[in-house]
Amino acid sequence: MGRKTYNIAMVSDFFFPQPGGVESHIYQLSSKLIDRGHKVIIITHNYDDRKGVRYLNNGLKVYHVPFLVIYRAATFPTVFSFFPILRNICIREQIEIVHGHGSLSSLCHEAILHARTMGLRTVFTDHSLFGFADAASILTNKLLKFILSDVDHSICVSHTCKENTVLRASLDPLMVSVIPNAVVGENFRPRDYPTQSEKGEGFRAESSPRLLGPHDVITIVVISRLFYNKGTDLLTAAIPRILENHPNTRFIIAGSGPKAIDLEQMIETNVLQDRVEMLGSIRHEDVRDVMTRGHIYLHPSLTEAFGTVIVEAASCGLYVVCTQVGGIPEVLPSHMTTFAKPEEDDIVAATGKAITAMRAGKIRTDKFHDEVKKMYSWSNVAMRTERVYDGICGTISEEEFYGFDTTGYTGSRIRDFALIDRLKRYYGCGIWAGKLFCLCVVVDYLFFLLLEWWFPRENIDICRDWPRKSPAEDTAEDSMKAAPNQRSTSSIRVAKLDR
Amino acid sequence: MLTTAPRLRIRRPSPTTAEYTVTTLPPQTLPLRLLWLLLLFLRIFLSLITLLVIYARWVQERSSFGAAPTLFSPSSLPPLLSLDRIIFLLDTFQDTPGGKLLARIAASIKLPVLVPVAAAVFYALSLRVHKEESLLVLRGLGVQTSESPTTYLASAATRFIPTEKIQDIFVNEAFRGFEVRYYLVVVVEGEEDVVVVFPGLLPKRKIVETVWRGVRECLYEGRGEDSRVVANEK
Numbered sequence: 001m002g003r004k005t006y007n008i009a010m011v012s013d014f015f016f017p018q019p020g021g022v023e024s025h026i027y028q029l030s031s032k033l034i035d036r037g038h039k040v041i042i043i044t045h046n047y048d049d050r051k052g053v054r055y056l057n058n059g060l061k062v063y064h065v066p067f068l069v070i071y072r073a074a075t076f077p078t079v080f081s082f083f084p085i086l087r088n089i090c091i092r093e094q095i096e097i098v099h100g101h102g103s104l105s106s107l108c109h110e111a112i113l114h115a116r117t118m119g120l121r122t123v124f125t126d127h128s129l130f131g132f133a134d135a136a137s138i139l140t141n142k143l144l145k146f147i148l149s150d151v152d153h154s155i156c157v158s159h160t161c162k163e164n165t166v167l168r169a170s171l172d173p174l175m176v177s178v179i180p181n182a183v184v185g186e187n188f189r190p191r192d193y194p195t196q197s198e199k200g201e202g203f204r205a206e207s208s209p210r211l212l213g214p215h216d217v218i219t220i221v222v223i224s225r226l227f228y229n230k231g232t233d234l235l236t237a238a239i240p241r242i243l244e245n246h247p248n249t250r251f252i253i254a255g256s257g258p259k260a261i262d263l264e265q266m267i268e269t270n271v272l273q274d275r276v277e278m279l280g281s282i283r284h285e286d287v288r289d290v291m292t293r294g295h296i297y298l299h300p301s302l303t304e305a306f307g308t309v310i311v312e313a314a315s316c317g318l319y320v321v322c323t324q325v326g327g328i329p330e331v332l333p334s335h336m337t338t339f340a341k342p343e344e345d346d347i348v349a350a351t352g353k354a355i356t357a358m359r360a361g362k363i364r365t366d367k368f369h370d371e372v373k374k375m376y377s378w379s380n381v382a383m384r385t386e387r388v389y390d391g392i393c394g395t396i397s398e399e400e401f402y403g404f405d406t407t408g409y410t411g412s413r414i415r416d417f418a419l420i421d422r423l424k425r426y427y428g429c430g431i432w433a434g435k436l437f438c439l440c441v442v443v444d445y446l447f448f449l450l451l452e453w454w455f456p457r458e459n460i461d462i463c464r465d466w467p468r469k470s471p472a473e474d475t476a477e478d479s480m481k482a483a484p485n486q487r488s489t490s491s492i493r494v495a496k497l498d499r
Numbered sequence: 001m002l003t004t005a006p007r008l009r010i011r012r013p014s015p016t017t018a019e020y021t022v023t024t025l026p027p028q029t030l031p032l033r034l035l036w037l038l039l040l041f042l043r044i045f046l047s048l049i050t051l052l053v054i055y056a057r058w059v060q061e062r063s064s065f066g067a068a069p070t071l072f073s074p075s076s077l078p079p080l081l082s083l084d085r086i087i088f089l090l091d092t093f094q095d096t097p098g099g100k101l102l103a104r105i106a107a108s109i110k111l112p113v114l115v116p117v118a119a120a121v122f123y124a125l126s127l128r129v130h131k132e133e134s135l136l137v138l139r140g141l142g143v144q145t146s147e148s149p150t151t152y153l154a155s156a157a158t159r160f161i162p163t164e165k166i167q168d169i170f171v172n173e174a175f176r177g178f179e180v181r182y183y184l185v186v187v188v189e190g191e192e193d194v195v196v197v198f199p200g201l202l203p204k205r206k207i208v209e210t211v212w213r214g215v216r217e218c219l220y221e222g223r224g225e226d227s228r229v230v231a232n233e234k
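Residue numbers (UniProt numbering), protein chains in the order written: chain U, 1 to 499; chain D, 1 to 234.
Here chain U stands alone, though its shape is the one from the complex (with noise of 0.2 Å):
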């Protein structure tokens, strides 16, 4: 008895050729699902020359869709221009569950709207954190509210960030799952860390901790897209006090963005040039390199909702040093970490503590590796992503997935497709903006069957299906439990061929 696939379409304006957090969560992700059994498709919009249909390894389908791009690579917002398309890909992929990422991302959000009116279960994984204050974010907030209210499920990445959607969005927190990031921790090893057939040598003596001598230069590295939000005005003034207090040590900064003209500023003020090092913008692949280089890893984001860099810094062995915000205190475990408030004068103490505990040889950096690669793992993250699909499918009933409710809400939170139910969840949203709401799903809907009946369905061309991966079984939980099991379903095969 296999488990059931599920056909499903990843959404967001976030994707490669551009590098980051979200673009490369949304690649891994699917492709560990691909290993599992589903049919995974991607659509972003276009970048550059990549346009149309692209095929990614793994046999994962990529279709770039033209559109018009406004800010850091986010699409203008056209609320049903998306829609013919979105529709067209949707019927010729058969898609079941369409999955968007990201709450800037407009294309994710249309997307949400316009599966609803299809027909096709939702759901929203949110990668960032968001004030309340500000103009903008009051937008966001109102825009988020709207798209999530009819949502199937949501994923958030941390518990700091589930926080954060339940509040702007006015969720139920029972309908908004937490799975982190993860790594691929062959990607991210330690500069001296052995291979897998080095170690399958034999047992060999533990190898002691490298210990830094006094007056060995311990480099402080620095990857980050140098925007305000990532903290690169308190990097610019911590860096010179840094430096002045700790001789033997030096920078290595990544990274590209609008802030870095002050960093060089900087440097230049304070004839810098040969303690800190500007790479400017690096490839993702390269990060691993570089991180190597250094033995301490800081990262003065203020604000941040999972901070995968730091995750990758850990398991390259650098000691972390980085501001308590958002999610990122939940990321390590605090024996890898020093933190900081993001202010400079805390930012300059914890990183000064740091460079002596590395001097005096307290930590064990290279350990680090092997604990942060048991700790976060793709297909952990892609077998509790599928958890969140059967449960919004139906396929393991509402009680199972949502568990015992104690506030005592008996409603179904199964999202049913009615177009009424529908347009009551969206009249909850506000005086004025619930009767906005309710116009546009009510203009989509009406949109979806002019649509039907100017690009008939039975004329669109079914695709054919990448050949699939047969479905792993369960037991892939972790390679702790995996081995026996694995043995178990060989005998019974063997017994069932017995008889």
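Bear in mind the hints are in silico, worked out from the structure with no lab data behind them. Where is the CB? At the ideal position from N, CA and C, for every residue including glycine. Check each hint, because a few of them may be wrong.
Under the rule of at most 30 Å between Cα atoms (straight-line distance), these lysine-lysine pairs were calculated in the BS3-like manner [what the hints assert, rightly or not]: (1) K362/U - K374/U; (2) K435/U - K142/U; (3) K100/D - K110/D; (4) K165/D - K206/D; (5) K165/D - K51/U; (6) K469/U - K373/U; (7) K142/U - K424/U; (8) K206/D - K469/U; (9) K4/U - K374/U; (10) K131/D - K51/U; (11) K374/U - K469/U; (12) K341/U - K374/U; (13) K131/D - K204/D; (14) K259/U - K341/U; (15) K51/U - K206/D; (16) K469/U - K204/D; (17) K145/U - K424/U; (18) K435/U - K424/U; (19) K435/U - K145/U; (20) K51/U - K204/D; (21) K206/D - K4/U.
Residues of chain U clear of chain D, computed beta-carbon distances all greater than 12 Å [to be verified]: (22) V276; (23) A433; (24) W454; (25) D461.
For chain U, the structure is supplied; the task is to place chain D on it using the hints.
Just chain D, lined up with the frame of chain U:
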């Protein structure tokens, strides 16, 4: 009613040739043939009317410049099938009630309106109802694509691609308008753009795949993909 969804017709005049035609022409039945005939008469009739209106206008313009109209006496008819005879016939038509009506219509329309409208009418009447695009495959020689022109007046646009210039033939998908469509592509050596087969009709996947298989079979005599598959199996 006069057209159908694109359908495929395969013709194999010889064992080494195959012609794949995608057409919107429905299968011919008697009512359909009658309808075609009716349509043809309608086109001829309408073209004739337009022609007569233009001629009436021309006669009026000519007389307003003071040029004496050429007059033929009924006794000396110009010989049959000559330009003079046609002009004579047109002139005699001007005197009939129908001719007078057309002359009045022609006089009431301004010249800058009349000429473009007449041109548009002629163009509309010469448009083809159905579209036809074909791919002719000649083993050892190459492939020839042809597209039916939009009007009856032009001839079909053809393009021949010799075998040694063909790098590959494959099926791909792309966005077109609000849709994603399958299309057959010939990659030509030394050219930046690929050649799309059936560019106007873009038939459905089933047709495209049939043609693709057929073309590969015919061009490469089965050693195209089969040999590669066999090699992989080994």
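Tested hints:
1. Of the pairs offered as hints, the one joining K362/U and K374/U holds, with about 22 Å between alpha carbons and a cut-off of 30 Å not exceeded.
2. Taking the CA atoms of K435/U and K142/U, the gap is near 13 Å; set against the 30 Å cutoff, the hint holds.
3. Note on K100/D and K110/D: the hinted pairing holds, with a Cα-Cα distance of about 17 Å set against a maximum of 30 Å.
4. This hinted pair checks out: K165/D and K206/D have alpha carbons roughly 27 Å apart, not beyond 30 Å.
5. Taken as a hint, the K165/D and K51/U pair is honoured in the structure, with Cα atoms around 27 Å apart against an allowance of 30 Å.
6. The straight-line distance between the Cα atoms of K469/U and K373/U is roughly 25 Å, inside the 30 Å bound, and the hint therefore holds.
7. At roughly 17 Å between alpha-carbon atoms, K142/U and K424/U fall within 30 Å of each other, so this suggested pair holds.
8. Between K206/D and K469/U, the direct Cα distance comes to roughly 25 Å. Compliance with the 30 Å bound is thereby established for this hinted pair.
9. Between K4/U and K374/U the alpha-carbon distance is near 27 Å, which keeps this suggested pair within the 30 Å criterion.
10. Distance check on the hinted pair: K131/D and K51/U sit about 29 Å apart at the alpha-carbon level, within 30 Å; holds.
11. Our distance criterion of 30 Å between C-alpha atoms is met by K374/U and K469/U, whose separation comes to about 25 Å.
12. With a C-alpha separation of about 28 Å, the suggested pair K341/U and K374/U falls inside the 30 Å cut-off, and the hint holds.
13. For the given pair, K131/D sits about 15 Å from K204/D by alpha-carbon distance, which is consistent with the 30 Å threshold.
14. For the hint pairing K259/U with K341/U, the CA-to-CA distance comes to about 21 Å; that is within 30 Å, so the pair holds.
15. Using a Cα cut-off of 30 Å, the hinted pair K51/U and K206/D holds, with the two alpha carbons roughly 24 Å apart.
16. Simply put, K469/U and K204/D have alpha-carbon atoms about 27 Å apart, close enough for the 30 Å limit, and the pair holds.
17. A distance of roughly 14 Å separates the Cα atoms of K145/U and K424/U; the hinted pair therefore holds under the 30 Å criterion.
18. For the proposed pair K435/U and K424/U, the alpha carbon gap of about 10 Å is at most 30 Å, so the pair holds.
19. Proposed proximity of K435/U and K145/U is supported: the alpha carbons are some 13 Å apart, at most 30 Å.
20. For the suggested pair K51/U and K204/D, the alpha carbons sit about 21 Å apart, so the restraint of at most 30 Å is met.
21. The straight-line distance between the Cα atoms of K206/D and K4/U is roughly 29 Å, inside the 30 Å bound, and the hint therefore holds.
22. Its beta-carbon lying about 45 Å from the closest one in chain D, V276/U satisfies the requirement of being farther than 12 Å from that chain.
23. With a minimum CB-CB distance of about 29 Å to chain D, A433/U clears the 12 Å threshold, and the non-interface call stands.
24. Residue-level check failed: W454/U sits 9 Å from the nearest beta carbon of chain D, not beyond 12 Å.
25. Not every C-beta of chain D lies more than 12 Å from that of D461/U, the closest at about 4 Å, which undercuts listing it as non-interface.
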